[in-house]
Amino acid sequence: SAVISQKPSRDICQRGTSLTIQCQVDSQVTMMFWYRQQPGQSLTLIATANQGSEATYESGFVIDKFPISRPNLTFSTLTVSNMSPEDSSIYLCSFLHQGKREQYFGPGTRLTVT
Amino acid sequence: QKEVEQNSGPLSVPEGAIASLNCTYSDRGSQSFFWYRQYSGKSPELIMFIYSNGDKEDGRFTAQLNKASQYVSLLIRDSQPSDSATYLCAVTGTDKLIFGTGTRLQVFP
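If you read the sequences in order, they're chains A and U. Note that the working numbering gives residue 136 to position 82 of the first sequence, counting from 1, and the numbers run on in steps of one. Note that the working numbering gives residue 427 to position 48 of the second sequence, counting from 1, and the numbers run on in steps of one.
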């Protein structure tokens, strides 16, 4: 299966700043997703990153707070804007290959907001 | 009612025993079912998927699906301490993957 990487792996940020997380897959994939996993919780889908168009956000998540880009079939970014301590979480990138149903996850970005 | 339900555990089993993890789901239209293993501090790793009723075996793992009863289970035979992790059940909803809260498995020597 494809190899997926995320940068940074972890960061500590100050309240009010923004962080951009990068996700790179080593082959072209049809769908890419961004999830959040708060401490002790399960995974929550933030949005589906659509290549060449705006991301599709889930209820409770908005573009102004979590802008997403997907300029091509192998790369996406998620920005966490105007951060607060409540944004402290693990952010995970995920993908689907065309014609497949199995979804794979990147190694995650552990974000701490102070 | 939660869409995907799992017992949070911990489920404690001795080394060499069979660990049985269960998951129920609410959407009868669900078509795809997945088990992910997540070690502490790591991202979820896909270990099994099943799309048809019945059993699917892969090494020490067996996934079981019963669509009529809306449950899916994961059996781990000959459990090892390295199997100690949280196991997440995930079900495909109308257009996205829905996760349970996970069951923490502890395998003790």
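By construction, these hints were calculated from the structure, which means they are not laboratory data. None of these values were measured; they are calculated from a predicted model. Glycine included, C-beta positions come from ideal geometry on N, C-alpha and C. Where hints are given, some of them may not hold.
From the derived model, a few chain U residues whose C-beta atoms are all more than 10 Å from chain A [unchecked claim]: (1) G395; (2) D434; (3) K435; (4) G438; (5) Y450; (6) S461; (7) T471; (8) K475.
Below, a list of computed lysine-lysine pairs in the BS3-like style, where the Cα atoms sit at most 30 Å apart [claimed, not checked]: (9) K154(A) x K475(U); (10) K119(A) x K435(U); (11) K154(A) x K61(A); (12) K435(U) x K446(U); (13) K435(U) x K61(A); (14) K61(A) x K475(U); (15) K475(U) x K421(U); (16) K475(U) x K446(U); (17) K119(A) x K475(U); (18) K421(U) x K154(A); (19) K61(A) x K119(A); (20) K119(A) x K446(U); (21) K61(A) x K446(U).
Consistency of the hints with the structure:
1. G395: About 29 Å separates G395(U) from the closest Cβ of chain A, which puts it past 10 Å; holds.
2. D434: 18 Å, holds
3. K435: 13 Å, holds
4. G438: At roughly 17 Å from the nearest Cβ of chain A, G438(U) sits farther out than 10 Å, so the non-interface label holds.
5. Y450: Given that every Cβ of chain A is farther than 10 Å from that of Y450(U), nearest at about 18 Å, it holds.
6. S461: 19 Å, holds
7. T471: 7 Å, violated
8. K475: 6 Å, violated
9. K154(A) x K475(U): Holds. K154(A) to K475(U) sits at ~13 Å (cutoff 30 Å).
10. K119(A) x K435(U): 42 Å, violated
11. K154(A) x K61(A): 26 Å, holds
12. K435(U) x K446(U): 14 Å, holds
13. K435(U) x K61(A): 36 Å, violated
14. K61(A) x K475(U): 25 Å, holds
15. K475(U) x K421(U): 22 Å, holds
16. K475(U) x K446(U): Cα-Cα ~18 Å, so holds.
17. K119(A) x K475(U): 21 Å, holds
18. K421(U) x K154(A): 24 Å, holds
19. K61(A) x K119(A): Holds, because 19 Å separates the two Cα atoms, which is no more than 30 Å.
20. K119(A) x K446(U): Not satisfied, since the Cα-Cα distance of roughly 39 Å exceeds 30 Å.
21. K61(A) x K446(U): 39 Å, violated
Comparing the model with each earlier hint shows violations of hints 7, 8, 10, 13, 20, 21; every other hint is respected.
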